[in-house]
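Enquirer: Chain by chain, the residues run as shown.
4 protein chains.
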Amino acid sequence: MSRDAWNRWGEQDERGALNHIGSAQVQSAAGLVRSGTVLTLAQPLSPRTPVPRHRAGIQHFMGRDGGDYAAGARKPGGFQFAEDTVVLPLHIGTHIDALCHAWYDEALYNGFPGSGTRSTGGATRCGIDKMGPIVGRGVLLDIVAQRGGPLPDGTVIGAADLERAAKAAGVTVGTGDIVLIRTGWAEDQARRDMVSFDTEPGLDLEAGLWLAEREIAVLGADNFAVEVVPFAPGTVFPVHQRLIRDFGIPLLEGLVLRDLAAAGQGAFLFAASPLPVVGGTGSPISPIAIL
Amino acid sequence: MSRDAWNRWGEQDERGALNHIGSAQVQSAAGLVRSGTVLTLAQPLSPRTPVPRHRAGIQHFMGRDGGDYAAGARKPGGFQFAEDTVVLPLHIGTHIDALCHAWYDEALYNGFPGSGTRSTGGATRCGIDKMGPIVGRGVLLDIVAQRGGPLPDGTVIGAADLERAAKAAGVTVGTGDIVLIRTGWAEDQARRDMVSFDTEPGLDLEAGLWLAEREIAVLGADNFAVEVVPFAPGTVFPVHQRLIRDFGIPLLEGLVLRDLAAAGQGAFLFAASPLPVVGGTGSPISPIAIL
Amino acid sequence: MSRDAWNRWGEQDERGALNHIGSAQVQSAAGLVRSGTVLTLAQPLSPRTPVPRHRAGIQHFMGRDGGDYAAGARKPGGFQFAEDTVVLPLHIGTHIDALCHAWYDEALYNGFPGSGTRSTGGATRCGIDKMGPIVGRGVLLDIVAQRGGPLPDGTVIGAADLERAAKAAGVTVGTGDIVLIRTGWAEDQARRDMVSFDTEPGLDLEAGLWLAEREIAVLGADNFAVEVVPFAPGTVFPVHQRLIRDFGIPLLEGLVLRDLAAAGQGAFLFAASPLPVVGGTGSPISPIAIL
Amino acid sequence: MSRDAWNRWGEQDERGALNHIGSAQVQSAAGLVRSGTVLTLAQPLSPRTPVPRHRAGIQHFMGRDGGDYAAGARKPGGFQFAEDTVVLPLHIGTHIDALCHAWYDEALYNGFPGSGTRSTGGATRCGIDKMGPIVGRGVLLDIVAQRGGPLPDGTVIGAADLERAAKAAGVTVGTGDIVLIRTGWAEDQARRDMVSFDTEPGLDLEAGLWLAEREIAVLGADNFAVEVVPFAPGTVFPVHQRLIRDFGIPLLEGLVLRDLAAAGQGAFLFAASPLPVVGGTGSPISPIAIL
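Protein chains in written order, with my numbering: chain A, 1 to 291; chain B, 292 to 582; chain C, 583 to 873; chain D, 874 to 1164.
In case anyone wonders, no lab produced these hints; they're calculated from the structure.
Residues of chain D placed beyond 10 Å of chain B at every Cβ, according to the derived structure:
(1) R907
(2) F952
(3) R998
(4) Q1019
(5) K1040
(6) L1082
(7) L1164
Straight-line Cα separation of at most 30 Å, DSS-like style, residue types lysine-lysine; simulated pairs:
(8) D:K1003 x C:K657
(9) A:K130 x D:K948
(10) A:K75 x D:K1003
(11) A:K130 x B:K366
(12) C:K712 x B:K366
(13) B:K421 x C:K657
(14) A:K75 x C:K657
(15) B:K366 x D:K948
(16) B:K421 x A:K75
(17) C:K712 x D:K948
We treat Cβ as the ideally placed atom computed from N, Cα and C, and that holds for glycine.
Let the sequences and hints guide you as you build the complete structure.
Expert: What follows is the structure in structure tokens.
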């Protein structure tokens, strides 16, 4: 039943809500640059980057390093170098979900069959390689500021919270916006010994749909799932199911939003670009806010 | 001997020539946006991404895919998902070299010891996690247009070529610029059965120094080493040695520049942001040109 | 249709023809030890281990090495160590195929559904972890000696060849035998610049069935597929299909048999033990001949 | 200082105490086979295989599986297959340490420099590829039986314990023996929620030296370090340092010994064969006891 954005940009479309961003939106977003301040919204990536239990983290291997030279490695022409390889889960740290990442009823966004994603080559449809760069108006909805502090785990952020936060930021959420929600979860986790992924503050489905109806292009947050955990009874990742699959809205997770919040500019030029892993279901990403 | 930029930004600096980009440069670069067109400059990443012989390519593994559901995997709450992991060399496809990537005489940029890069944790100094986002004025120097076609393998691009190309673009290369060189190598390789890394057109050292003296922030190209291969007799990666280590200029390799060249805009807003792998020596990257 | 060994050892059996080896066979095989000579039948494993085109080879990463100490790493209590990690395809070099590795008509050996092998956890049935150690009478059928030299690529080894080789070895192939076929392919490849996997000498289906009917436990060879390549017209891996899936006979590939052949002992104590990767479809293995 | 076995088998020797096993020992060990019972002494390998905190476990990726066929993958000639790749730390589960794994004073066994082990290619000396197969007399010293149950964490096993256990087994430990120590640690850990590697029962240095002086070939145990943890004050892995580096005795860790103990046969034919990873510092291994 729910195919809210299917066919809106043609039967073969694999970019979904990113189509809401046209050149006019980009021009207008470029005009938001004032101070020339550039902020990264990405977590560092390392074997210490937190992952849910029973999932593997990053492994980082040096193929050549300074120790090799200390131990006597040759230096033809004086040249010395270091290089490395990572074993990198694509949904780790600050990352974006491709439209092939989540679905229901065997159909992805725009009706492509889920069975088109297989072991060899990954997703034939809606892979992260189809997403392309994301440039547009970023909007920060700072729920921490609204609530006066990081939200306790399990706190539901509803549509009314989003409306209040938008009003406080002096922004009207609209077509093509890249909306970033600050819950304070990551900032709060940093103070703990061990990161828990079992519960977190986040959006309920109503809030997600409120944004989808405003035709946003991307939804991001500083928690790990955008949506509230635990889920509403009887549902599993309802915001993922509806926003990714039915509206074609990519989710951007694990953002670092404290410095952006401190800068006090509710709308800004946003730029991010996933690694175009062919058939990939997502990508670690280092988004930029240009103020 | 050669420590052209060492200490310029303090003894502890790990960002090198990126310090040439201040907020004024960012503001000014944002003003270059005209049509609102957004281009990616990145190659797709897959097991087919070419690598030099005897180096390993990417491996892409699906941890969950549509086939699992076709085979009967459970769907709690109707939720279906796919996820994946890559084994990813950090210097593959379109990527940027961190300042710890290349050095000589046991010292990295700014005098940090090469022995600070070890197996565990990688680079303690000048890792890719220290680089941060790159936003500024992009400048395209289209040598292919100058020469009337892709350059034959081994062709030297000298300072005079760069001057001519800048003039043709109506641009004066200056402080904080992100300079992109189009050699046509990648476009030419795409027409061959197998990519050769043994020889390619690229900059000679004089051309590299010409750019360094103009205080550019980043140097990129559409070949795999920026500099010409084979190297000048008796030298090995001379441009890497001098620009990265002595001037702190990161090299951006494997760019896709054909569409940017076709757009005919010599200066534009450039944005790119490496994965902040702690201690990493580089990062695959998906740079954006905003026209 | 073809279910030659299904249910022979019960509906839940996952060990197939290895059930042909009972304690009597082990006792008897131990009695074959004469000189006390021990030979390995395994290739070295490294990034240079040949693999078919478009398949990935081994990657070997050092997590700690002597270079780190040369560069100044701490040595608490004087202790120094080195450790490493491999990215290891399970069907590489000298390896054994688990009974879940090959099948047809959606059913594995003993009728288990092919759909029981999925991304998470691999094979629920007939994984390499169900195989256990292999100890019994090894029999070398030296076709190279029969033919007077390594067999040209594409040469068919038929049942008559096996009979002749068994006669020459003074052995009657029988229940529970671990039969090793020397084609000379690997020895011949070692003399070439690049290993070709497109064609090789090996068994035809008739020869494979001849062995299966003699109730052997394991079939091995010094080529990469045991069977002849190219396959008989209209067939793809017919020996794999029938022997693994219908007879439950594991295939042991990539053996090194020259020294064993030179030893001139046709029957010997054989011991090998796969890595018990839970749900794995095979394992690199280092078989031993004890003469 | 301590070079107890250096030069004993020549300046270029890389096999150490394994040289204690000659063909006479193998012949004699083969004569220990009675019932023809074959036991594996290996743990299963999977992402659940316990590892010390902050070390990475195994990752197991399917490159092709039954789900792909369920989703419609082609089956040329009817052939279906599954294959997989593991990211495999070489010191995990049941594994053997190569002689390059541990050292002190910058020198490995037989005086080879520690600096010969580097990022590229690993160990040039004493790598696991130099070890070869291990076949000989296995001896089980069952300390659990001696003490009447699994040893509490941190319990020291001394030389007197070994003597008593040998006596109970009716065995005199001697030249070329492969000695396996049962501490009960693994069996005890299996009953806990989470495996702790911070403390375990094991040998003290005196016990290790007692065995070394008896000219054993290999020392194994069912714990993760063979030696007691915590170490004696002021020492770090003293048994590793002395036995591996000074006596050339490989350590075999993480054995599964319960079934072997239950079988009640103190001496048996032992066979194991590491993966010959070129330059590797160890190997997961699946040892076999043949009773």
